[in-house]
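Chains as they are written, first to last, in my numbering: chain A, 6 to 368; chain B, 62 to 399; chain C, 293 to 848.
A portion of the hints provided could be inaccurate.
Stated by the list, open to error - Derived coverage of chain B by chain C (criterion: at least 3 residues anywhere in the stretch with Cβ under 8 Å from a Cβ of chain C; other residues may be distant): (1) 89 to 98; (2) 104 to 110; (3) 260 to 268; (4) 294 to 304; (5) 333 to 347.
Hints listed in this document are in silico derivations from the structure and should not be mistaken for laboratory results.
Cβ coordinates follow ideal geometry from the N, Cα and C atoms, glycine included.
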Amino acid sequence: MFESAITISNVTKRFDDFVALNEINLTIDKGELVCFLGPSGCGKTTLLRIIAGLETCDEGEIIQNGKSITHLPPHKRDYGIVFQSYALFPNLTVAKNIGYGLKKRDVEKKEAKKRVKELLALVGLSGSEDKYPSELSGGQQQRVAFARAIATNPSLLLLDEPLSALDARVREHLRQEIRELQKNLGITTIMVTHDQEEALSIADKIVVMNHGIIEQIGTPLEIYHHPKSLFVADFVGKINLLDAIYKGNGFFGVGQLRFKVDVVSQTDIVVGEKMKLLVRPEDIKPYQESYEEVNIIEGDVLKVTFLGSFCRILMSIKGLLEEQLLFDIPHKMIKQFAIKEGNALQLGIFPSDICYFKDTHNA
Amino acid sequence: MFQRGLCVMAGVMLAGSTLMAKESLTVYTALESDQVKPYLESFQKVQPDIDVKIVRDSTGIITAKLLAEKANPQVDVVWGTAATSLVLLEQNGMLQPYAPASLDKIDAKYRDSKNPPMWVGNDVWGSAICFNEVEAKKQNLPLPTSWEDLTKPIYKGKIVMPNPASSGTGFLDVTAWLKIFGEKKGWDYMDKLHENIGQYTHSGSKPCKMAAAGEFPIGISFEYRAAKSKKEGAPIAIVYPKEGLGWDLEATAIVKGTKNLEAAQKFVNWATGEEANKLYAENFAVVAYKGLSKKIENIPENYASMLIENDFGWSAKNREAILQEWSKRYESKSEPKK
Amino acid sequence: MPRLFGNSHKMLFGLIALILVFFLALIIFFPLVEILQKSVYSSEGKLIYLEHFSLYLSQPNTHTLIGNSLLVSLTTTLIIVPISFIFAYALMRSCIPFKPLFRYLALIPLLAPSLLPAISFVYLFGNQGFLKSWMGENSIYGPWGIILGECFYVFPHVLMIILSALSLSDARLYEAAQSMGAGSIRKFLTITLPSAKYGLISATMVCFTLVITDFGVPKVIGGDFHLLATEIYKQVIGQQNFELGATVGVLLLIPSVITFSVDALLQKKQRSSVGSKFVLYRPKPTRLFDTIMFFFCLGVVLLLLIILGVSLFASFVKFWPYDLSLVLKNYNFDMMDGGGWSSYLNSLQLAIWSALFGTIIVFLTAYVVERSRLWAPLLGLIKLFALLPMAVPGLVLGLGYIFFFNSATNPLHGIYGSLTILILCTIAHFFTTSYMTAMTTIKQIDREFDDVAESMGVPFYKTFFKVTVPIALPSILEIARYYFVNAMTTVSAVVFLYSPQTTLASIAVLNMDDAGDMSAAAAMATLIVATSVGITLLFNAVSYGVSKASQRWRMC
């Protein structure tokens, strides 16, 4: 059993009439890296700021290491924070930026200097003590901000979209670095991001948020393969969405087609109910003889888009009126199956690869 | 005998007061600012322990200020301010009668006739015209010798005079004309004069300074400023109109309700005494203290005889009405003159 | 209330905010309320609603005054807005040389009291002026003198607004128009004018308001041509008629409030019309156009310098116009009206204290409003008080101070007539512009600096001094300079508040002119300009030094 680092219970926050957070409950374990993921305005940053004490919640409680911190001002809490803008003090050198919080804690000057040096080595910027932030690149500034946040050895690290101001290559590189540092230090970390790829690649746990509520909490794999809501499915990764009607026995009617789906429990769906089916593009494959118990569909290739390591194919499907399907296949398989705009193609979808949701919108 | 007693008493009080903390006295005055400094130095020599705060402005403004503060006076002594204004204050019940130490040396003409007097004069100041001879030659202007002359069309736009509402000098001119010509003719005279006026100024000194600089060749002002400007080298002739000169007294009084009565009395004793009058006599041809008047450069010997009969009571009583009439006639027409 | 008391930093913030609210109410809000109240009460203290106004407006003299004020303000606006526009256009849209120099010289009138141009014009076009013949049969004493003087006085104010309006034009729009074959006139009419529209409206209204509420120029050169602004002065100072003064003051408040409201509205519109993808327009050299523009700017700047130079010259002349030998006697202020050299020293003191305290209070106010996250209505109130002075002409503010502080029931009655009241009034009078400068700077400083610092347990006041202040130093210096110069040159508010112990240099100019000592008035005015120029240069040097020392970390 992990010991919990942060427990959030029933936290609610309103801005005038707007409910930014609605009864949020969440437990974060020690040493975990948790990502708050969601579109802008979903409340993820507000939740982070409440944990940081930069905002106050209207209701609910936050417990850190067994103590309630709900009403503590920021400076009495125990955390380090990195912002999207880095917020490095431009008029202070790198060393003074990193050491900014050390002075307050009466750490001796020499010791502080040593600590700064260590931290710089840790983030790979040894020797940059006397530089000013404006003399560093964006990625380097981010490392300084990171070093500054962990300088006081906080038990919690808060990252507010720390990578979104960087370009794609630096971003990818830095996030792995952050992940490694975090693991090595064993520091509980909360990172806010709207980039699902970032969340999927480094988080121990993802908290998907929307409209001030938590849609799903889970590991990246759970979130990706077993989204608990349409929103999560749609927000994380690419999907095909099909209108369906439940016919019983694990069978769904889609247009004139019938799809077999692995239904976990049949008690909560009723025969004749309107449903949504969801298939990820990479789970649709050109049909091969060896496939067993597979849903087979036929159609024409409408468009082939080259996306580097794979191709994305747009198909019209026989038996479906409006809906078209997207599927991804490795580049080399294009030839193998003679995929070309205008050609006909058979596809196979395994029942285990299809998710189903109640169609709440059209109900 | 009684007077001597007073002096002794004053002396005792004076000795007593030097032991006390420095007293402070607020004094309003309409004296010219270049006069105030040497006068005050003399007072501080006699009374080093009284801290005098001077508020100086034009007569009209000092008067208006005093009337506005009637309910809650901010001032102890009014010094060197037109007797007309002091009579007006007296009519408003704002003055405290006091007989200064040297009252018997003051010319009866130049003090309030009541006993003890409400106010005591310091010196006489009266009308004079500054006439710029250089500009006159350039513009072919003859030297005026009378008030009547000033209404001649040749002087159109060439004359400046002070606004009687703000300036004591302006007011004494207006009252003098009403006295000399009679009320109806006086206003007729001013109507004609108005046609020739280039500008009405805020202060009584400015017309003479403007004349001295040739900005306007003729300035209706008063004799101290005229004599001084001429002495400083201004190319002006000083004209004393033959109909007679309007005049007023610069006079001193104690304001009723003063919290510093003792210091105020000391100040008035000095302001009406021999020392101060000797200083006034440096600047003005006629001073209130008997026997101290002396000849001033650029002011004729017979200056005193040119002054018209004056009735401060009448001037004070009619001050507001006169100013209103004046303002109605000449101020609302504010189109620029060519 | 554990949330409030648990946070000592927030409590400190709250305390500062409460002190600020109280202080700003004291120096801005209450005096204004007092003057509004005074205008609806009789001198006996009876509520008479608008009787003062109807009575005042029914006098024939009033109509002349309003007519005169409108005539002068409108004419000045009609002259100076086009001139400022062309000048600004030359600076922003042509390739003339010496642009920075032109810009600096064009702002010189800001360093002089508004009385100075009037004095200069008397020396130029008065009856003994060098250029008297140019006036023909007309006299400079009257509307023409006032209009000329006001033109000098308002030019830099109007210019600055139009400059910032023209700086907003997007180069892409011009390129698009060009690609569609639009000529220069078409581009000017369809792009330049519309984009500068709000700036021009705002400049027009500011110009009108500045002129209609100024009394320095008409006081010196107006002769017997009276305006509403001089009327307040006459009623209050000359006749101690405070109720009437309040009435006229409230009348003058009307155009100011309208200007202020329209300006606030336009700024919102202006902001929304500027997109984020914005490419600055860079003019290309055009020979004929640039030549014309260069000589236009040269002409305007030379005129400004001549006007300034005339007062400078006159201040050394022994006896105008008969003895033009140069002497220093006019600087012997002690023998003249106005309070002598001590006036100048008082002005210096006023300027130093206003600059010091004004800057501190302004910056603190902006910081609290922008950063404290306190109870919104409280911050809203502070903001309102901070913006209010913009809508209040100095004369009205000064009058409000008399009413508020000279009342025997006010416990602060004691500061009436002291230097303190002059400092407070000056801080209030020039609060809004300074506040907006500070606000812009603080908004540019990352709000997250404070969050980061707090997360490290460093209290906000430490971060304020270690980070916020150093970053904002150039704009802090600019605010201090602005306060200093305005304290030296202002006449309008303080003219009601000075006492014999606290006469000021700018007011001495007025009083010396009243007494007829024109050359001494010119001398004092020159001394004020010299001081302002000196201080501006000094501040610029310090500012340059600061940015030099910090150029390693300052991005631009």
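Verification of the hints:
Remark: the region 89 to 98 of chain B is confirmed as covered by chain C, as 3 of its residues place a Cβ nearer than 8 Å to a Cβ of that chain, reaching the required three. Coverage of a stretch by a chain is defined here by at least three residues with a beta carbon nearer than 8 Å to that chain's beta carbons; for the region 104 to 110 of chain B and chain C the count is 0, and the condition is violated. Coverage of the region 260 to 268 of chain B by chain C holds. Counting CB-CB distances below 8 Å, 8 residues qualify, and the rule asks for three or more. For the region 294 to 304 of chain B, the assignment as covered by chain C holds, since 3 residues bring a beta-carbon within under 8 Å of that chain's beta-carbons and 3 suffice.
Here the region 333 to 347 of chain B counts 0 residues with a CB under 8 Å from a CB of chain C, which misses the bar of 3, and the coverage is violated.
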